[in-house]
Amino acid sequence: MTAALLLALMAGAIAPAGITGESTDAKAPQEIDLVSETLVVDHRAHRATFGGGVVATRGDLEVRCPTVTALYDQRAKVREVVCEGPVSATQGAKTMTSQAGTFDNASGLLHLEGGTTLVEAGRRFSGERLDYEVSTSQATLSRAEADLPGSERLGPMRPDDGAPFRITADKVTHDFAGHRTTFIGNVVATRGDLTMRASRLVVVGADDGRVDRAWTEGGPVRVDQGERHGSAQRGTFVGGGQRLVLEGDPVVTERDSSLRGDRVVFLVGQGRVEVEKPRAVFPLDRAKRAGE
Amino acid sequence: MRHYPKDGPPRVAHASSVTFDRETSQLQADEITAEMPPSPEVGRGGATLSAPSGAGDVHGQRAEAFGKLMVRTGAGDRGETEGAVWDAASDVLSGESPLHVRGPGYSIDGETFRFHMGDQRLELGGGVKAGTRPAPKGTR
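Chains as they are written, first to last, in the numbering used here: chain A, -12 to 279; chain B, 2 to 141.
For reference, chain A alone in the conformation it holds in the complex:
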């Protein structure tokens, strides 16, 4: 009989282990299923630890990690879910990895930290931290780097054929539904022989993950292509990233010469630049020496 009495005490301990919530609105927590080898509920510490390899499923989101610890309050509401060890999360074609992570079921926010990566349809992002909103499929990375496939060919038989865009920035937001990526702060975009610097870059991709078009926002843009340099108020990648169009007082310089025009078009991977309605500036002393 004593055993039965103790079993009743046990019920009080096990109940808070559930990740509970009320269906009060459309943003209410969705169902979560966890499968693990072990579960330890430390009722005094208000902590439940799933161990031995955990698979947590919420809708089409699946998170895997060695250990999951849920911290709950006096009212048995889970405050925080922490995934320890290497974390792997998948949702559809998206795969995210990190060293550790937390998940807020109420807000549907998956927070990953430590060597985070995000891969989808040929796009690859990495960064220090990754916040992923499950319901809206929006990801935000800090101190991030991205590899985005461009058009297949930069030119006939060029060594840079198929080269991806490699873009670094302080912060990156990616909207999976709209295939739209925004790079913010100290943006450096490299493709083939061309490097572009800006404060903000917006990239729209095609369904297959390739860059469809991209443009800078919020300030001047600088471009380096070998010994050739360009600057303007804004830049736009067109043709799947094969051309970079500079507008807004564009200038292209090479050694001591400079060229202005209505538009400057860098041909990526071809070492060429085209200037519309050009106005050239050459150093007089060099022209003079050339004439002598």
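These are calculated hints, taken from the structure and not from any lab test.
In silico lysine-lysine, BS3-like type, Cα no more than 27 Å apart, as pairs:
| hint | chain 1 | residue 1 | chain 2 | residue 2 |
| --- | --- | --- | --- | --- |
| 1 | A | Lys64 | B | Lys130 |
| 2 | B | Lys130 | B | Lys69 |
| 3 | B | Lys130 | A | Lys81 |
With the Cβ distance kept under 8 Å, some of the chain A side facing chain B (calculated, not the full set):
| hint | residue |
| --- | --- |
| 4 | Ile19 |
| 5 | Asp20 |
| 6 | Leu21 |
| 7 | Val22 |
| 8 | Glu24 |
| 9 | Val28 |
| 10 | Asp29 |
| 11 | His30 |
| 12 | Phe37 |
If you're wondering where the values come from, they're calculated on a predicted model, not measured in any experiment. Glycine is no exception: its CB is placed at the ideal position from the N, C-alpha and C atoms.
Chain B: place on chain A using the hints.
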């Protein structure tokens, strides 16, 4: 049978029959039900439990429940397992049969369990499945 804890209201257990062996101090009971009112030790609005039979010694060194054990709490939790053993020396209640717990918004299943009374720690092993099912509006 009444049990008077240090804190909280008394706990009352009923059985259809009880056998006591004076020489061995063994107690055996059938069709056991027990009411445990809410207290600092028993949360979740108190608990009611039932077991087909149980046995133990009156000194409380060891006790065992047989058959399907069921627990219900005032908060709507339902627990079920097959047999359990309590050992006073280790202060552990354990069972080697699957444990199923359902409650408002959650479910937990384990193959084995060990409940450490002293530090209120429950261990489930042998493969665990837990799930949340958001409670209907207005319920807890």
